[in-house]
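Hey, can you work out the whole structure from these sequences and the hints?
Chains as they are written, first to last, in my numbering: chain G, 1 to 472; chain U, 1 to 397.
Just so you know, the hints here were simulated from the structure itself, not pulled from any lab data. You may find that some hints are simply not true.
What the hints assert, rightly or not - Here are the computed distance ranges between Cβ atoms for each label pair:
| hint | chain 1 | residue 1 | chain 2 | residue 2 | range |
| --- | --- | --- | --- | --- | --- |
| 1 | G | 110 | U | 54 | 35 to 45 Å |
| 2 | U | 367 | G | 59 | 54 to 64 Å |
| 3 | G | 331 | U | 257 | 30 to 40 Å |
| 4 | U | 80 | G | 334 | 50 to 60 Å |
| 5 | U | 364 | G | 154 | 53 to 63 Å |
| 6 | G | 117 | U | 11 | 31 to 41 Å |
| 7 | U | 11 | G | 108 | 53 to 63 Å |
| 8 | U | 370 | G | 182 | 52 to 62 Å |
| 9 | U | 260 | G | 286 | 34 to 44 Å |
| 10 | U | 257 | G | 3 | 28 to 38 Å |
| 11 | U | 238 | G | 376 | 29 to 39 Å |
| 12 | U | 372 | G | 165 | 18 to 28 Å |
| 13 | G | 314 | U | 121 | 31 to 41 Å |
Glycine included, each C-beta is placed from N, C-alpha and C at the ideal position.
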Amino acid sequence: MSIEYWLAWLLPLFCGTGVCALVARRWGRWSDLSATLGSGWIVGVLAAAAAARIVGYDDTLHAFPNAAPWLAALGAAAWAIVAASLVVRRGRGFVPAVQGEPSPASRAARLGWWLLFAAIVLRLLVLADEASLRPVFPWDAWSAWALKPKSWMLLGHVEPYVSMHDWLANPHAATRTAGTWFYPEFVPWMEIWFASAAGGWNEPLVNLAWCGALAALALAGYGTWRRLGLSAWLAMLLVYLLVSLPLVDAHVALAGYADLWVAAILGVAAFAWTRWLTDRSPAHWVLAVLLALCLPLVKLEGLIWAGLFLVVVLLERLPARWRGWVVAVVTVSCVACLAFGVRIPAPGFGWIELSWSRIAIADVQVYELDWHPVGDALFASLFALPNWHLLWYALPLLVFVRRERLRVDPAARFAGLLVLLQVLFLAGLFFLTKASAWAQDYTSANRLIMQMVPCVFAFAALLLRPRSSASA
Amino acid sequence: MRRAAFVAALAASWLVLLLWAAGVDWRAPVFPDSERMFPGSRFRAAVGRAVVDGSVLRVESPDAENAALQVTALPAMEADRFPVVIYRFEDFPRTLELSLVFRTAERPDDVQTISLPWPGRGTMAYDMSAIEAWRGTIIELGFAQFPTAHLVPAAEGFAPFRLRRAELWSPSWRGAVAALVTDWFGAWPWSQRSVHALGREGAASGVRSPVLFVAIAATLACGWAMLLLGLRGRRAVMVLCVCGLIGWILLDLRWQSGLLQRLRETRVLYSGLDWSARQKRVADDALLAAAAQVKALLRDEPPHRRVLVYSDSGYANLRMIWHLQPLNVGAFGLAAAEREPIPEDTILVFLQTDVWRANPAVRRHVSESERMFPGDVIHSDGFERPDLLMFRVRHVY
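The following block contains the structure:
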C-alpha cells in the first residue's frame with residue numbers, strides 16, 4: 001500500500017475530526033476522543049467524496065492528489081479554530097482536563113471491557129482480511145454502485161450517466177448509461193477517492209472503506225454512549241452487540257452496497273442528536289441535521305430516513321405546548337389526504353398523489369396500497385434467521401424493562417419516537433406496497449432494516465443510561 | 001434444594017428444547033433401528049474420474065465442465081424409513097460445493113439435488129424428512145461437486161479428495177441431533193444472498209433455527225428462575241438478560257466460526273496474489289475472456305462508440321457490462337425497449353444466445369447490420385450458436 005493510500009484514510013480523519021472537535025468543544029476524555037474519531041472519519045469521508053467530485057471531474061486518476069490539499073486545508077482550518085478557541089478559553093481560566101474515564105467499577109468489569117474490545121478488534125480484522133482479498137462480489141456492488149467509479153477511473157475522467165433514451169438519442173455525446181444511472185453518487189465518489197489514492201482501480205483497497213465505516217460507527221457509538229453516562233463495559237458491550245450483527249458483518253466482508261454507509265451516516269447523526277438531547281449542545285444538533293441531509297446523497301431511501309429524522313428533530317425543538325397540536329394537525333391532514341385523495345405539487349417530480357388506495361409520483365412510480373401478508377417472512381428474517389442474533393427479541397424486552405425511563409426521560413422518548421416512526425415506515429412499506437416482495441423473497445427487506453439499526457442502538461443507550469445521567 | 005430443582009428443570013427443559021429443535025420424532029428410538037452403510041468403494045464416477053482405493057473412492061479429476069459426480073445404485077429403499085443421510089469425505093477442497101443427488105423408482109428420470117454444507121473432516125448428517133422430493137423408493141444415491149458458484153473460477157476449484165462412506169439411517173434421536181449439529185455448524189460459502197439474508201443457503205431441513213432455540217432457552221431459564229427460585233422483578237429480568245447475553249455470545253461464536261471458514265476459502269483463492277492477478281481470478285472467467293476479446297476487436301473504435309450487450313442470462317449480461325468497462329456499454333434489452341432507434345454504427349454483442357436469429361424483434365435489428373465477429377460463418381441462415389457474436393448496426397434508409 002502506498003503512502004497516498006494511507007493518506008486517503010488519514011486525511012478524512014484529520015479533516016473530519018477537526019470539524020467534530022469544533023462540535024464537541026471538549027476532548028479531554030477517551031470517550032470524547034472516541035466519538036470525535038468515529039464521527040470525524042465519517043464526516044471526513046463525506047468531505048473527501050465531495051472534494052473528489054469537485055476537483056476530480058475531469059481527471060479522476062488524480063482526484064486524490066488534487067483534492068487532498070483542499071481537504072487538508074479544511075482540516076487545518078477546523079483545527080486552527082479549535083486551537084484558537086482553546087487558547088481563548090484558557091485565557092478565560094478554562095483548563096482542559098486530560099483525563100481518563102472514571103475507572104470501571106471492578107476487576108471483572110475491566111476484564112469484560114478488554115475481552116469485548118478484543119472481540120471487536122478481532123472481528124474487524126477478520127472482516128478487513130476478507131474485504132482486502134476479494135474482487136467486488138455482491139450483485140448490486142458491481143452492477144450498480146461500482147460501475148460508475150470503475151468506468152470513470154478507467155477512462156480517467158467523468159462521463160455523465162444518463163437514461164437509455166438520452167444515450168440513444170445523442171450517440172455522439174460523451175455520455176454513458178446503466179439501469180442505475182440515476183442513483184446518488186456519494187459511494188462512487190468515495191470509491192474514486194480511495195481508488196485514485198491507490199493508483200488505479202483496485203477493488204479490495206476500495207472495499208476496505210466499508211470496514212472503516214463500521215469501525216468509525218463503533219468508535220462514535222462508544223464515545224457517545226460513554227458521554228451519555230453508560231459505564232465503560234456497558235458502552236463496550238453495546239458496541240460489541242452492534243459489530244457482531246451478522247448482516248452488518250456480511251456487508252463489510254462483501255463490501256460494495258451503499259446500505260452500510262446509510263446506516264453509518266444515519267447512526268452518527270443519531271448519536272450527535274442524542275448528545276444534543278442530553279447535553280443541549282447546539283453544535284451537535286447542527287451536525288446531526290447536516291449529516292441527515294447528506295443521506296439522500298448516499299441512497300434514494302436516504303430521503304425517507306432524513307425526512308423521518310428531521311420530523312422528530314424539529315418536533316423536539318417545538319415548545320412542548322405546541323407539539324400535541326402539531327402532531328394532531330399533521331395526523332388529521334394525513335388521514336384526510338389519504339381518505340379524500342390529494343395531489344401535491346412536488347418540484348423535480350411534477351406531483352405526488354396520495355390516496356387511500358395508492359401513492360403515485362407523476363404516474364412514473366405508482367404504489368398501489370393493498371394488504372400483503374408478509375408476516376411469516378418478516379418474522380423469519382427478524383427472529384429466526386441468523387441475521388440479527390437476538391436484537392429484535394432484546395429491543396421490546398428492553399423497552400418493557402426500562403419503560404419508566406421512557407416516561408421520565410424526554411431524550412429516550414424522542415429517540416423512541418424516531419425508532420417507532422422508522423419501524424412504522426418499514427411496516428407500511430412491506431405490508432402495504434409491492435415492496436412486500438422484498439420481504440417475501442428475503443432480498444432488500446433486511447438491508448432496509450439494517451439502515452435503521454444504529455438508531456435502535458442509540459435508543460437502547462438512552463434507555464440504559466443510569467438514572468443520575470438521565471436526570472442531569 | 002430449590003437450586004437443585006432449578007438446575008434439573010433447566011437441564012431437562014433445555015434437552016427437550018434441543019430435541020424439538022432437532023425435529024426429533026418422539027416415537028423414534030434413541031439409536032437408529034436400521035442403518036445401511038455404503039463404503040466409498042461402492043460408488044462409481046458418473047462424471048469425472050475416480051478410482052477405488054481400498055474401501056474409499058479417490059476422486060481424481062472433474063469432467064470438462066469441471067464437475068464431478070459419484071453415484072451408487074441402492075437396493076430399493078423406502079425414503080420414509082431412511083430419512084437421515086450420513087456422509088464422510090476426506091481432503092475435500094474448500095473451493096468446491098457439495099450436493100446430494102438421488103433418484104426414486106417413482107420418477108427415475110428426475111434427478112434431485114440438495115445442497116450440502118462443506119463436509120470438512122468429520123462425519124456429517126442431513127435430515128431429509130422435510131425434503132419434498134425424498135419420498136417413495138430411493139434407487140440411486142450420489143454426491144456431486146462443482147466449483148462454488150459465483151466465487152471460484154471454474155477451472156481452479158477442483159483438487160483430489162476422497163469419499164469415505166455414506167450411510168442411510170432410520171429415524172432416531174441420535175440421527176436427528178447429528179443432523180442438527182451439521183445444520184447449525186456446517187460451513188457454507190458466501191453467496192449472492194449473503195448481503196440480503198443469511199441462513200438460507202441450503203434446502204429447508206427439519207432442523208429449527210439456532211436463534212429461535214437460544215431465545216426460547218433464555219426464556220425458559222427466566223421462567224424456571226421465577227417458578228422455582230421465586231425470583232421476581234429485577235432479579236428475574238437479570239436472569240433473562242444474562243442468559244440472553246450468553247446466548248448472543250454463543251450465536252456470535254457460531255457466526256464467527258462461519259466467517260473464518262469463509263475467509264479460509266477466500267484465502268485459498270486470493271492469498272499471495274497481487275491485484276492484477278486477483279482481478280482475473282473470478283468465477284466468470286469465461287465472460288472475462290469474452291470481454292477481453294470484444295475490447296481487442298473494438299480497440300480502434302472511437303471512444304464514444306455505443307456498445308449493447310445481450311445474453312439470455314441477466315447475470316451474464318450485467319457481468320459482461322462490468323467486464324467491458326471502460327467501453328461505452330449498455331444493455332441491449334433496455335435499448336430495444338426504447339422508442340429511440342439504435343444508432344448507426346452501434347456495436348451489438350450477443351453472448352451464448354441464438355436470440356439474434358430466433359427472435360424476430362431482435363433479428364430486425366441485425367438483419368441489415370454488418371457482422372463483425374465471427375466473420376467466417378454464414379450470416380443468420382445457419383443454426384450456429386457461437387459463444388460470442390458481434391454486429392455493427394446498419395440501417396437501410
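Hints, verified against the model:
1. G:110 <-> U:54: 35 to 45 Å: violated (57 Å)
2. U:367 <-> G:59: 54 to 64 Å: The hinted range 54 to 64 Å is violated for residue 367 (chain U) and residue 59 (chain G), with Cβ atoms some 43 Å apart.
3. G:331 <-> U:257: 30 to 40 Å: For residue 331 (chain G) and residue 257 (chain U) the Cβ distance comes to about 49 Å; the hint is violated.
4. U:80 <-> G:334: 50 to 60 Å: holds (56 Å)
5. U:364 <-> G:154: 53 to 63 Å: violated (33 Å)
6. G:117 <-> U:11: 31 to 41 Å: Between residue 117 (chain G) and residue 11 (chain U), where Cβ atoms are some 33 Å apart, the hint holds.
7. U:11 <-> G:108: 53 to 63 Å: For residue 11 (chain U) and residue 108 (chain G) the Cβ distance comes to about 26 Å; the hint is violated.
8. U:370 <-> G:182: 52 to 62 Å: Given about 34 Å between the Cβ atoms, the range is violated.
9. U:260 <-> G:286: 34 to 44 Å: Holds, at about 43 Å.
10. U:257 <-> G:3: 28 to 38 Å: The hint (28 to 38 Å, Cβ to Cβ) holds, given that residue 257 (chain U) and residue 3 (chain G) are roughly 37 Å apart.
11. U:238 <-> G:376: 29 to 39 Å: holds (33 Å)
12. U:372 <-> G:165: 18 to 28 Å: Because 26 Å falls inside the window, the suggested range holds.
13. G:314 <-> U:121: 31 to 41 Å: violated (60 Å)
When each numbered hint is compared with the structure, violations occur for hints 1, 2, 3, 5, 7, 8, 13.
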